[in-house]
Amino acid sequence: MRTRAALTVKLGFAPLLAALSIAATEPAAAQKTLLVLGESVPASLDYDGPAGNHPASQTGFHNLIEPLVDYAAGKVEDGTQLLDFTKFEGALAESWSFDQATLTWTFKLRQGVKSCAGNTFTADDVLYTYARAKSLTGKAPIGYFLASVASVANFTPALFAKTPEAIEMRKLGDEVKKVDDYTVQIRQSAPNKLMLPVLTIFGALTYDSKEMKAHATTEDPWSHDYTNNVNAPSFGPYCLESWKKDEEFVAKANPNYYRGKPYFDRVIYRKVPQSANRLAILRTGQASIVESLTPREIESLRKAPNITIGGGYLNATMFVLLNFKSKPFDNPAMRKAIAYAIPYQDVIKTSYFGEAKQWEGLVPSAYPGYVKTKSQYSYDPAKAKQLLAEAGYPDGKGLEAFADAFKLSYVAERESNLGPTATLMQTRLKALGIPVQLDPQPATQLADRQLVKKDLPFSLYDQSKPVGVDPAYAMQLYFVTPPRGVNNMTNFSDAKLDELFSKAQTEPDTSKRNEFLAEAQEVLMDKLPFVPVVENKLQFAMQSKLKGLVLYPHQNLIWRHLHE
Amino acid sequence: MIGRFVLKRLGIAFLQLIGVALVVFFMIRMLPADPVARLVGMNASKDAYEQSARALGVDQPLWQQLANFLGVFSNSGQKGLLQGNLGVSWVTNTPVLTEIRDVLPVTLEIVTYSLLLAFLIALPLGLASARKPGGIADRITLIWGMFAGAQPDFWWGLLFVFVFYFLLNVAPPPMGRIDPLLATPQAITGFMTIDTLLQGRFDAFLSALHHLMLPVLTLVYVVSGAIVKMVRTNTLRALQSDYILYARASGLPEAQVARYALRAALTPAITLVGIFYSVLLSAAVTIEVVFTMGGIGQYAVRSILAFDYPAIQGVVLVVAFVSLMIYLLLDIVHAYLDPRIRY
Numbered sequence: 060m061r062t063r064a065a066l067t068v069k070l071g072f073a074p075l076l077a078a079l080s081i082a083a084t085e086p087a088a089a090q091k092t093l094l095v096l097g098e099s100v101p102a103s104l105d106y107d108g109p110a111g112n113h114p115a116s117q118t119g120f121h122n123l124i125e126p127l128v129d130y131a132a133g134k135v136e137d138g139t140q141l142l143d144f145t146k147f148e149g150a151l152a153e154s155w156s157f158d159q160a161t162l163t164w165t166f167k168l169r170q171g172v173k174s175c176a177g178n179t180f181t182a183d184d185v186l187y188t189y190a191r192a193k194s195l196t197g198k199a200p201i202g203y204f205l206a207s208v209a210s211v212a213n214f215t216p217a218l219f220a221k222t223p224e225a226i227e228m229r230k231l232g233d234e235v236k237k238v239d240d241y242t243v244q245i246r247q248s249a250p251n252k253l254m255l256p257v258l259t260i261f262g263a264l265t266y267d268s269k270e271m272k273a274h275a276t277t278e279d280p281w282s283h284d285y286t287n288n289v290n291a292p293s294f295g296p297y298c299l300e301s302w303k304k305d306e307e308f309v310a311k312a313n314p315n316y317y318r319g320k321p322y323f324d325r326v327i328y329r330k331v332p333q334s335a336n337r338l339a340i341l342r343t344g345q346a347s348i349v350e351s352l353t354p355r356e357i358e359s360l361r362k363a364p365n366i367t368i369g370g371g372y373l374n375a376t377m378f379v380l381l382n383f384k385s386k387p388f389d390n391p392a393m394r395k396a397i398a399y400a401i402p403y404q405d406v407i408k409t410s411y412f413g414e415a416k417q418w419e420g421l422v423p424s425a426y427p428g429y430v431k432t433k434s435q436y437s438y439d440p441a442k443a444k445q446l447l448a449e450a451g452y453p454d455g456k457g458l459e460a461f462a463d464a465f466k467l468s469y470v471a472e473r474e475s476n477l478g479p480t481a482t483l484m485q486t487r488l489k490a491l492g493i494p495v496q497l498d499p500q501p502a503t504q505l506a507d508r509q510l511v512k513k514d515l516p517f518s519l520y521d522q523s524k525p526v527g528v529d530p531a532y533a534m535q536l537y538f539v540t541p542p543r544g545v546n547n548m549t550n551f552s553d554a555k556l557d558e559l560f561s562k563a564q565t566e567p568d569t570s571k572r573n574e575f576l577a578e579a580q581e582v583l584m585d586k587l588p589f590v591p592v593v594e595n596k597l598q599f600a601m602q603s604k605l606k607g608l609v610l611y612p613h614q615n616l617i618w619r620h621l622h623e
Numbered sequence: 021m022i023g024r025f026v027l028k029r030l031g032i033a034f035l036q037l038i039g040v041a042l043v044v045f046f047m048i049r050m051l052p053a054d055p056v057a058r059l060v061g062m063n064a065s066k067d068a069y070e071q072s073a074r075a076l077g078v079d080q081p082l083w084q085q086l087a088n089f090l091g092v093f094s095n096s097g098q099k100g101l102l103q104g105n106l107g108v109s110w111v112t113n114t115p116v117l118t119e120i121r122d123v124l125p126v127t128l129e130i131v132t133y134s135l136l137l138a139f140l141i142a143l144p145l146g147l148a149s150a151r152k153p154g155g156i157a158d159r160i161t162l163i164w165g166m167f168a169g170a171q172p173d174f175w176w177g178l179l180f181v182f183v184f185y186f187l188l189n190v191a192p193p194p195m196g197r198i199d200p201l202l203a204t205p206q207a208i209t210g211f212m213t214i215d216t217l218l219q220g221r222f223d224a225f226l227s228a229l230h231h232l233m234l235p236v237l238t239l240v241y242v243v244s245g246a247i248v249k250m251v252r253t254n255t256l257r258a259l260q261s262d263y264i265l266y267a268r269a270s271g272l273p274e275a276q277v278a279r280y281a282l283r284a285a286l287t288p289a290i291t292l293v294g295i296f297y298s299v300l301l302s303a304a305v306t307i308e309v310v311f312t313m314g315g316i317g318q319y320a321v322r323s324i325l326a327f328d329y330p331a332i333q334g335v336v337l338v339v340a341f342v343s344l345m346i347y348l349l350l351d352i353v354h355a356y357l358d359p360r361i362r363y
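Residue numbers (our numbering), protein chains in the order written: chain A, 60 to 623; chain B, 21 to 363.
Hint data in this document are derived by calculation from the structure and do not stem from the laboratory. It is possible that some hints are incorrect.
Claimed, not checked - Below, a sample of chain B positions facing chain A; criterion: calculated Cβ distance under 7 Å:
(1) L59
(2) Q71
(3) A73
(4) P200
(5) T306
(6) T312
(7) L325
Think of the CB as a built atom: it goes at the ideal place given N, C-alpha and C, for glycine as much as any other residue.
Using the sequences and the hints given, assemble the complete structure.
As structure tokens, then:
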């Protein structure tokens with residue numbers, strides 16, 4: 060106390076400070092408030108808009124907008140509820156059936172569901188959502204993308220043509236059909252098991268069509284401006300109360316929510332960009348739960364009183380990308396040499412403080428259909444050395460010609476997360492004669508080279524996950540040859556993998572499908588389009604009195620489950 | 021006369037802004053990345069990419085993009101710069117002007133209070149140390165200058181958070197401009213301290229002041245040293261000048277002599293404050309980040325990292341405009357303070 064008094068008096072602020080401290084610690088209102096701190100807050104509530112890839116915006120989508128189906132609850136591990144990815148439960152849809160002969164899904168919709176605006180949920184809301192996705196009017200058409208991944212009929216690349224016919228085709232046809240007010244049918248163009256997984260993803264959430272139409276204008280018939288800047292009207296557990304971009308997002312519990320009003324009446328989602336500050340505010344007890352702490356910060360909280368770390372293994376991973384179009388990574392022995400030169404256990408220990416495990420595949424191990432493949436890699440410098448010689452570069456001789464290829468890129472904004480691993484890799488690879496330089500780059504610049512130009516030779520990444528919980532979804536996203544493969548960042552192309560993927564995609568029998576997928580995973584681990592490094596825990600730090608954390612594959616915090 | 025001078029300067033400022041707009045337009049298009057990538061993300065199929073590029077207008081030839089930006093021969097159906105429209109942010113889809121209207125006052129509020137306070141502290145301290153070189157005031161100035169300049173402002177900011185919030189708990193948590201449990205007042209001027217008073221929200225006013233405490237303290241701490249030094253040096257020089265010697269020889273009271281010296285020392289000090297003001301508009305970003313004040317600095321960094329062309333263009337133009345206005349104001353103040361200056 061003496062120190063405090065001395066300091067404040069020295070600064071001449073004592074009386075002012077005393078008055079202000081009282082003002083700022085006024086008791087909270089009687090309603091139950093959850094204060095969540097994140098790196099950022101939603102930038103948009105339009106999932107087809109400019110912020111579809113923005114994690115905080117996705118948190119906004121998922122807490123405000125309701126899906127048709129969701130995963131059922133699974134086991135609870137260390138106080139964290141995991142989901143059972145083999146079981147779906149109804150959300151806005153109460154039940155469903157699939158007719159193999161016509162490839163048609165029939166969804167029976169829940170009755171008596173009210174939106175935040177008080178509108179009753181009907182089949183029209185589902186039709187509106189699909190019609191909006193098919194209109195391709197958003198700046199980044201995620202709704203279309205997901206429908207096409209699930210082989211919904213007529214959601215094809217032909218829609219993008221600039222011809223009058225294509226524009227006409229962008230109107231919703233009978234592929235999504237209203238049978239009655241509470242029955243909807245969705246037709247697929249081919250058998251595809253991804254229908255239900257896709258319905259859980261943010262780009263397939265259902266808007267309140269009446270409220271959306273009320274805010275449509277002639278220039279913006281699908282209310283993109285409204286969802287980008289004002290609100291996302293839906294039937295979810297929370298309704299928007301106020302929103303200041305880059306600062307704060309406040310939601311209040313939806314009193315009409317069909318599962319019952321959530322425990323917290325109000326959620327304040329605040330942006331605190333410095334993770335050290337998020338940690339400090341949590342420790343003083345003012346924040347309820349915080350997102351995106353670094354592994355080191357999480358470790359520092361282990362012994363903090365009244366703080367719990369919640370989370371577990373799901374689909375957070377770190378991997379190395381080696382571009383097939385960049386020499387010498389076109390050489391299979393070179394790729395394997397790198398896989399054997401990564402000090403997996405040291406990465407787990409020094410970068411993740413033990414809160415990670417080696418990733419032994421290229422599909423998250425929590426996903427149904429994952430197999431531990433025969434090809435496995437461990438830190439084995441002797442083997443790496445031998446493979447390097449086999450590749451034609453004994454002790455790294457000759458690799459100096461590829462200085463640019465050995466620039467290890469990673470997202471500069473994630474230096475605290477990726478930096479330690481990048482440095483470890485650099486040291487171990489250099490010891491083998493592989494001349495690695497570190498090349499952190501701003502996220503947008505990296506995304507441009509990785510996703511669009513696809514010319515990044517060598518990079519370390521930890522921010523991508525297949526949000527559809529299925530090996531085929533992961534493969535289509537990362538590994539299948541374009542144009543069917545969507546986002547093949549390493550220019551990988553393998554006829555065998557493509558064939559197995561095609562078979563799995565249309566195979567109706569689950570066990571047969573899993574056999575194809577298992578074989579495909581063997582191909583991947585042999586060819587190494589990515590070198591898997593670790594699977595790490597997805598973690599949130601919170602007050603110990605807070606319970607009910609549920610981990611979702613989208614990795615966003617779902618507020619409705621939390622309670623004290 | 022001063023009226024003509026101001027008009028002339030405004031005319032030049034307009035041309036300068038047009039120049040800045042053109043330079044920025046071309047410079048950002050030389051950045052080593054494509055903004056569409058961020059937008060389409062994982063959904064980067066060729067069709068989706070083209071669709072997004074069309075939506076942003078970057079599929080058009082460069083001259084057409086420039087025409088759309090300026091609002092001459094535009095084919096976008098939107099107003100351009102010359103009609104007072106800075107475009108729509110590619111990250112949030114909100115008009116850039118609206119976003120800047122929200123973030124600029126945040127920075128102006130911190131910087132204005134900080135520089136005002138710094139000036140009020142630095143002036144007497146500088147005068148005192150000049151009048152008694154080697155005295156207590158002089159020594160304080162020296163030690164302060166050495167300390168404050170030894171570490172970057174964000175480091176001091178984080179240290180102040182640790183000491184005043186985490187250890188002593190006399191400062192609020194570094195999460196914005198007002199207690200999150202209080203309703204945010206409606207923005208009128210954008211200055212939280214003014215808006216809360218205008219709406220009679222005394223609780224929110226105190227909270228806003230409380231939240232300004234640490235960011236202002238940090239900036240005052242960091243910038244005052246330089247202003248004190250400037251005042252000290254110029255007062256010392258003035259005290260040794262012929263006219264002060266003459267004043268003293270004429271037997272004028274010491275207080276009046278000090279006032280003469282002060283006037284001479286004031287001009288460079290005000291110039292320095294003016295320079296700090298325009299520099300801090302963008303350089304206060306570190307303070308904004310540490311204390312979660314969503315000001316224009318943070319907005320600029322966010323826009324640059326996301327390659328949000330309209331937002332970058334908007335920020336640069338607005339900051340340039342404010343800087344030009346500050347320099348104009350400085351010239352007018354100089355004319356008032358220094359009778360030798362004639363326009």
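Hint check results:
| no. | hint | in the structure |
| --- | --- | --- |
| 1 | L59 | 5 Å, holds |
| 2 | Q71 | 6 Å, holds |
| 3 | A73 | 10 Å, violated |
| 4 | P200 | 5 Å, holds |
| 5 | T306 | 10 Å, violated |
| 6 | T312 | 5 Å, holds |
| 7 | L325 | 5 Å, holds |
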